[in-house]
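Single-letter residue listing:
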Amino acid sequence: MNPSVGRRSLGLHGANRAIWPAVWFALLMLCVWGFPHADGVLRSLEPDANQVVYQRASLASLLLQHLFVVSVAAVVTIVGGVLAAIAVTREGGRDFLPMVAQVASLGQTFPPVAVLALAVPALGFGTLPIIVALVLYGMLPIVRNTLGGLQDVDKDIKSAAIAMGMTPWQVLRQVELPLAAPVILAGIRTSVTINISTAAIGATVGARNLGDPIIAGIVNGNMAYIVQGALTIALLALTVDSLFERFQERLRSRLYTS
Amino acid sequence: MIELAHVTKRFGDVAAVDDISLRIAKGKFCALVGTSGCGKSTTLRMINRLIAHSDGDIILDGQPIDAYDPVKLRRRIGYVIQHTGLFPHWTVARNIGLVPRLLKWSAADVQAKVEELMKLLGLPVDEFAAKYPHQLSGGQAQRVGVARALAADPDILLMDEPFGALDPITREKLQDELSRLQARMHKTVVFVTHDMDEALRLADHLVVMREGRIVQQGSPLALLQQPNDPFVESLLGGLERGLKQAALTRIKDHMSPMGPTLPAQSRIPAAFSLRQGLSMMLRDHTDRLTVVDQHDVPVGELTLRKIVKEAQPEQGKVRES
Ligand SMILES: Nc1ncnc2c1ncn2[C@@H]1O[C@H](COP(=O)(O)OP(=O)(O)O)[C@@H](O)[C@H]1O
Ligand SMILES: [Mg+2]
Chain C
0 MNPSVGRRSL
10 GLHGANRAIW
20 PAVWFALLML
30 CVWGFPHADG
40 VLRSLEPDAN
50 QVVYQRASLA
60 SLLLQHLFVV
70 SVAAVVTIVG
80 GVLAAIAVTR
90 EGGRDFLPMV
100 AQVASLGQTF
110 PPVAVLALAV
120 PALGFGTLPI
130 IVALVLYGML
140 PIVRNTLGGL
150 QDVDKDIKSA
160 AIAMGMTPWQ
170 VLRQVELPLA
180 APVILAGIRT
190 SVTINISTAA
200 IGATVGARNL
210 GDPIIAGIVN
220 GNMAYIVQGA
230 LTIALLALTV
240 DSLFERFQER
250 LRSRLYTS
Chain Z
0 MIELAHVTKR
10 FGDVAAVDDI
20 SLRIAKGKFC
30 ALVGTSGCGK
40 STTLRMINRL
50 IAHSDGDIIL
60 DGQPIDAYDP
70 VKLRRRIGYV
80 IQHTGLFPHW
90 TVARNIGLVP
100 RLLKWSAADV
110 QAKVEELMKL
120 LGLPVDEFAA
130 KYPHQLSGGQ
140 AQRVGVARAL
150 AADPDILLMD
160 EPFGALDPIT
170 REKLQDELSR
180 LQARMHKTVV
190 FVTHDMDEAL
200 RLADHLVVMR
210 EGRIVQQGSP
220 LALLQQPNDP
230 FVESLLGGLE
240 RGLKQAALTR
250 IKDHMSPMGP
260 TLPAQSRIPA
270 AFSLRQGLSM
280 MLRDHTDRLT
290 VVDQHDVPVG
300 ELTLRKIVKE
310 AQPEQGKVRE
320 S
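Protein chains in written order, with numbering that gives the first Met the number 0: chain C, 0 to 257; chain Z, 0 to 320.
FYI, nobody ran anything at the bench for these hints, they're computed from the structure. In this text the structure is predicted, and so the values were computed from the model without any measurement. Note that CB positions come from ideal geometry on N, CA and C, so glycine has one too. Treat the hints with care, as some may be off.
Distance condition first, Cα-Cα at most 25 Å in a straight line; then the derived DMTMM-like pairs of lysine to aspartate or glutamate [unchecked claim]:
1) Z/K308 / Z/D283
2) Z/K251 / Z/D196
3) C/K154 / Z/D196
4) Z/K112 / Z/D175
5) C/K157 / Z/D65
6) Z/K243 / Z/D166
7) Z/K71 / C/E45
8) Z/K130 / C/D151
Simulated coverage check for chain C against chain Z, where a stretch passes if three residues somewhere in it have a Cβ under 8 Å from a Cβ of chain Z [to be verified]:
9) 16-28
10) 174-181
All chains should be built: construct the whole structure from the sequences, respecting the hints.
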């Protein structure tokens, strides 16, 4: 059975969906501001630890750091990935298409931890190595979807656009990109959502972010720390993912109604 | 005027179009006919420089097409294809107004032109202007495709199997409308089809292609009367050729004056074809029809003898001499 049909009949479709980003965001804020005061709840996870509330940094500041790292990586990945995919689908760049596709795949097969290990000697500890790792890791979904989206534009439509006397730039701007936009956006969504979780490993090389409580929890055997970091990351990922979903819906409906 | 002189297009080592020469006078309707893969679309796409020809010259209004800027060239050549190539994310009105907008017409001029064309092609503005291509039937989408091609008043129109995907009834309707439009607008049209009947109905000049070469070209009647090759003859329908020829011949050009005998019962308008006359004779079991004008006034008569003679002018001539 088509799952969307079932969901619609349950009334979770359409307008109700619009509240999900708000729901996840509210829960995220509850974690960030609530955990420091949830000593009792957290202690039930680790009755013997002398500290259960993570206090080396506030969750709010870690959240901002986390968002910063992921955003910088996302901007670089989106600009780089989309531009590269556009370039190799143009007349002059076609020869590089297999190469770009392969490099992007390689970026994802290479584990981010290994990238970190290789990047630290060159770039030092801190935020930069994790941004590099995220860019490499997040490149594939964006490149692959942009390539796919552009290549899937009906060749009759492209041919008609050229035959009508559109310049290559007009064909790209007015025909190819709008038609590929939903697929490209889906790639960006995957990339960013994955990287919100992946960014946590940055804590191992001294980047301050929501990975800190998790690493500290592993090192000290403190489950309460892990829960604070993991739950906050998960809710951040859900918030951003549901925002993307809303955005995709808006794009889809705009494509055929304006 | 469009002239192709010894034009060849090679893809790798294979010549898709092989040394073809062809001249299409201004305002004439030229049909390229042939089985699938014989190089018709390739020929068309060389004319608006969607692909570059490998050899020979393509001359447009006295100048080789390579002398034109390709983008400007394409904006003055209308182009219609089978699956319309309409932009699915644009409304009908926006699709039709594309080339005028590219040419930087004012918004008011674009809108006026779009509405004029929609009326001309039987697409009520209120109903269709805001629709999207996926909301149209095949016939409606094809009308939009034709309107888009005509929007900037190009004097040349290239059409690549525009009605190929339509059901026979819609196809015939659009063929009639295209005939009517052409009688009014006198575009220079190059029309690609694999349907010989369509070509015979529409064309002033018919070009039969096979494996990248032109096998024969001439007026539809000339080809019907003298196919110079078994392939052309089979395309023309073999035994059906006589009927096709009769379909292209108007009764008014071949009727006899009213005879002294009583007028025949069956009446047929003078504007109909010999084929329709023949069909009426078969239906009414008669060998004589009364030909009438548009007011149903008898103006002559048509006999089976006459049709048989007209349909085979060569033999007729032999017998007379
Ligand atoms: N871009 C291309 N690359 C290679 N071969 C092509 C290309 N376009 C057409 N051909 C070949 O050229 C021949 C003629 O094609 P086409 O002009 O499309 O035929 P038609 O329109 O008469 O069906 C076919 O054999 C086709 O496979
Ligand atoms: Mg073709």
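Hints the structure fails to honour: Violated hints: 3, 7 and 9; rest satisfied.
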